[in-house]
Amino acid sequence: MTLSAYERIVGPSAITQLYRLGKRLKGRRIVHVNSTREGGGVAEILDWMVPLMCEVGLNASWEVIRGTEEFFEVTKNIHNGLQGRPVDISHRDWKIFQDVNEANMDRLRPILKSADIVVVHDPQPAFLLPLCEGRKGKWIWRGHIDISRPFRPVWKVLRTMLEKYDGSIFSMCEFAQSLPHTQFIVTPSIDPLSPKNRDLEPAECETVRSRFGLDPDRPLLVQISRFDRFKDPVGVIQAYRLVRKVLPIQLVLAGGSATDDPEGKAVLEDVLEAAGDDPDVHVLDLPPTAHETINALQRLADIILQKSTREGFGLTVTEGMWKGKPVIGGDTGGIRLQVVNHYTGFLVNTPEGAAHRIRYLLHHRERIGEMGKDAREFVRENFLLTRHLREYLTLILALRGDVTARILEV
Amino acid sequence: MTPFAVKDCALLVRMSGLPPAINLRELRERVAACSENVLFHHFCESLLRPAFDHPDYRNDFAVWAKWYLSDRVLAERLGILDPYTVKSLEELRAITLDIFDERLSEVVAIPSAAPGDEFYFLEATTVTFDTGERVNSPKELGAAIRKMTNGSIFFHFLEARRRIPVGMDDFSAWLKGEEKKNAKYIRALGSIDFYFHSLSNLKEEIIAALAKVERKR
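Protein chains in written order, with this note's numbering: chain A, 2 to 411; chain B, 274 to 490.
So that you can see chain B by itself, here it is in the shape it has in the complex (with noise of 0.2 Å):
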């Protein structure tokens, strides 16, 4: 088995160069016209982002409806999409919409924010590097990952999705070298509910998992 490569990152934010929305309105025809890395962004890498520990929501735009928009139908509607149960992020951009104008066509008046309250649309950098550590069996991989930086995690767990092969983490590709024998790692990793944990707890449940399989052997 090729020992897995652990990398690192960091994100660099910065501004989309979209106009601020103040309005439903305004959030759906930039959501319709802003680039997939805008749309990443807001749906899947706030988690690298200042944030508090306990949002109520893990997506910007169900947050923004929430506190900002004082709209808690919409923001109930956002905050359960799981961007990472779609194929692709066009299918996202779909869905969020179709969302949108469903809750466009039932209010009498559209939903805005107050000024100074608007949302700012942005997109990141994800700057990569190799560690120079190594893990050469599925028996190390928990004590390795425990040492991950939450960049590691972010990349190799979540961000792994968009690459291909598509929809699946680095972990899980790099066990299917050799599949059969470690069809229970697969399994484990893919059991894990990751899109509702901080990177923390999500580097946690990744341990307990993989510790899991390691006892049942």
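Same shape as in the complex, but just chain A (with noise of 0.2 Å):
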């Protein structure tokens, strides 16, 4: 997709801004290392964000480190701990941790060594940098997840690691810990082009329904996210069996496991045995290429769901509401950025506050279109790609001069 094509959704000064900003930037090499190609959020934005780079001029590139199995239940354990979970991570494991940095770094030390800008994105490639000597360019760190109050055994080492590196990016304010180095706020985004957030045709939903044998008239609650404790999608069982017993709604809990997530299929266990036997719960274990049956299902929802008890962001929040739907989400992390209170959905703590919420705008359809319209302007104006791609445009151009400066002309 090129930029151009977002220009009917954006209006076309934002795409000339990219444009002008990008000139500046011709050519400098940045790469952005993670570690995963599908599944999950980081993945979807790099999936848009380096070809539009490169589009508007730079000279791009996406790197995704290679781990083994073991590699990724250790990092599973990190990013546990860095969300505040106690975990138990020995001396072997970060020995794990550090071995696979160092073998990836052999196998990309010439790219990452050159770049101007590189761009580590979250902890399991965070080993990098201290291994690549006489390095050109300038590091920056992209946490992604909600490490607002981290368990402090897990974050005192990974902090080892980050404060080498030049600046780090956190989504929210919140989630901006003590570093020696500058920390910018960039909130994520969605690509509304995307096979997941495309307009679709009303027969392409309908096909969608039929496949899962959802009821047309009975409304539907649904949560997309991957299997995750953080997402509690058991809460979302107890609070959808609290509404059920006074009115006939469908649930579907829709997601997948990204391949640095092996704790994925625990839970999913944990899920499907509370939803037990109810032909009304529709636990959908999705592929990671499922994004058109996900972009029909959030269509299809009368409410969209995120009960997170935790959240870097929550782009399936995003997501929701750039299908005009209400969203009723855990009071946490990046979901409070998006959920207006009152205004664009709910803010809730609890199963019994979720089903609350869901009793109400059930009982007032009418908030249900004029929420979900004033959400979808919302994410116009807020969490679309190109504000994105402008910020980190900024920030590449920033990091050429005084990046604390209050004027900066380029």
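Please keep in mind that the hints were generated in silico from the structure rather than gathered at the bench.
Please note: incorrect hints may appear among the correct ones.
Stated by the list, open to error - Simulated pairs of lysine-lysine, DSS-like, Cα-Cα distance not exceeding 27 Å:
#1 K457/B <-> K485/B
#2 K412/B <-> K454/B
#3 K489/B <-> K24/A
#4 K374/A <-> K339/B
#5 K96/A <-> K24/A
#6 K27/A <-> K280/B
#7 K420/B <-> K454/B
#8 K280/B <-> K24/A
#9 K96/A <-> K27/A
#10 K27/A <-> K420/B
#11 K114/A <-> K139/A
#12 K457/B <-> K489/B
#13 K457/B <-> K412/B
The structure displayed is predicted, hence computed values, not measured ones.
Dock chain one against chain two, each of which comes alone in its own frame, and use the hints as you go.
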């Protein structure tokens, strides 16, 4: 997809601005590094960001580190620890973490050493920087997860790696930590023209409805997210059960697992057990390529749920809002930035709170439409990829000068 | 008349390094000690940050007082502050501190936020660049503004007021090059109550004000 395709959504001036910024960065070599090509929000962002950076003139590329099963088990533990769960990471585990980073460094050294800017996404590849002697460019660590209250032993080790970076980026100021470099705030975004978000024909949605045996005459609640305990899928089933006592609703819990998340299978089993044999709870384990299916499910929903107890940003919230749906979301992380309580949805803390808001909306159906409309416009103004790309380009430009200056003329 | 050089800008937001505030007393302490850039950011630059279209108040302190301190009296007093009507950011700081002190003297318990709802102090670098576009006469200004980004509007109409000549937007400063001839345009721009507009609304207001002058010519 080229930038001009977005003009009808965000207007011509926003696109012109991106070309202008890109012109000043022509030929700059920027490398993004993460740990998975498919599944999860980071891969989705890089999937559009890298080609669009190239389109505006940068020489951008995306490298994915390779790891063993053992490595991804360790990094999942690191991920959980950073999100506040007490985890046990032994010296051996940290050694596995470092060894895999070293093996990747051997492979990626020529690319990373010569890059003008390297953006390392999340903790998995964070140890690459200390291994890159004689680097030419500036390195930025981009934390996508909620590390507002990390489990200290994990944070203390990771911090020794991160403090060597030239800067870091967080989705929200609540996630920023004490680090000896500038910490930038950049919220993520969605691609409105991607298979997951593009407009669908009604027939395409109906095909998905039939495929999963969903009743068109009864309200549908949908939560799309990886099978991860922090997304609280079991809490969603509890909320559904509270409402089901009085209203004939249906629930879809759809997700998949990223290749860097070995815990997904165990969580899925818990969810299936909680769902039991209720024919109106549809637990769908979808492949990472099921973008159109997810798109259709979000459009078929009356209400989108994202009852996370911890959340980095919550791109599934943005996606639901873009489809003109109100979102009932956990009062945490980036969900707070998107769900403006009583305007674009509701923030809740418990299954009971979610159940209450579901009942409210189903009894005030007109509010579903009103909130959904506001939600879509809120996303258009703030959470589409054009704004996100602009902030990255601005950051790269600023890194050439004094990033702490009030005004920087480039 | 020298052509007007259209610039564009984008904001790069960063943590200020100040610890977050959990209650009104801490907010007061931090506002007393923060840099002018931090103050400017929370009063003026929120327009370029993700924010809901219809916030109750335009500055971050008032919004926080309402939503997280649950102090509507304080929110109302802060919410009406217009940073562009004061001579300097130091004066704005003094007025803000006065409002905090007044409220602290009125309340029995210090208004506090819940853990996780702290106020974070931010600041920003405004990265500016020349678009290469030029406006040759006041007659062209309205059409040129229609094509401008929100960044250009912010930079020329709002951010400009921090630069010399202080308190004046760039369009008016340019029109003053031939002040007598352009008096009607300058008056039209000066009549806009701009602080409470979103950038898109502000753009429309400026275009409408200039169009009105053109119609009367």
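Here is how each hint holds up against the structure:
no. : hint              : verdict
1   : K457/B <-> K485/B : 10 Å, holds
2   : K412/B <-> K454/B : 12 Å, holds
3   : K489/B <-> K24/A  : 41 Å, violated
4   : K374/A <-> K339/B : 25 Å, holds
5   : K96/A <-> K24/A   : 43 Å, violated
6   : K27/A <-> K280/B  : 19 Å, holds
7   : K420/B <-> K454/B : 25 Å, holds
8   : K280/B <-> K24/A  : 15 Å, holds
9   : K96/A <-> K27/A   : 40 Å, violated
10  : K27/A <-> K420/B  : 24 Å, holds
11  : K114/A <-> K139/A : 10 Å, holds
12  : K457/B <-> K489/B : 10 Å, holds
13  : K457/B <-> K412/B : 12 Å, holds
The structure is inconsistent with the numbered hints 3, 5 and 9, although it conforms to all the rest.
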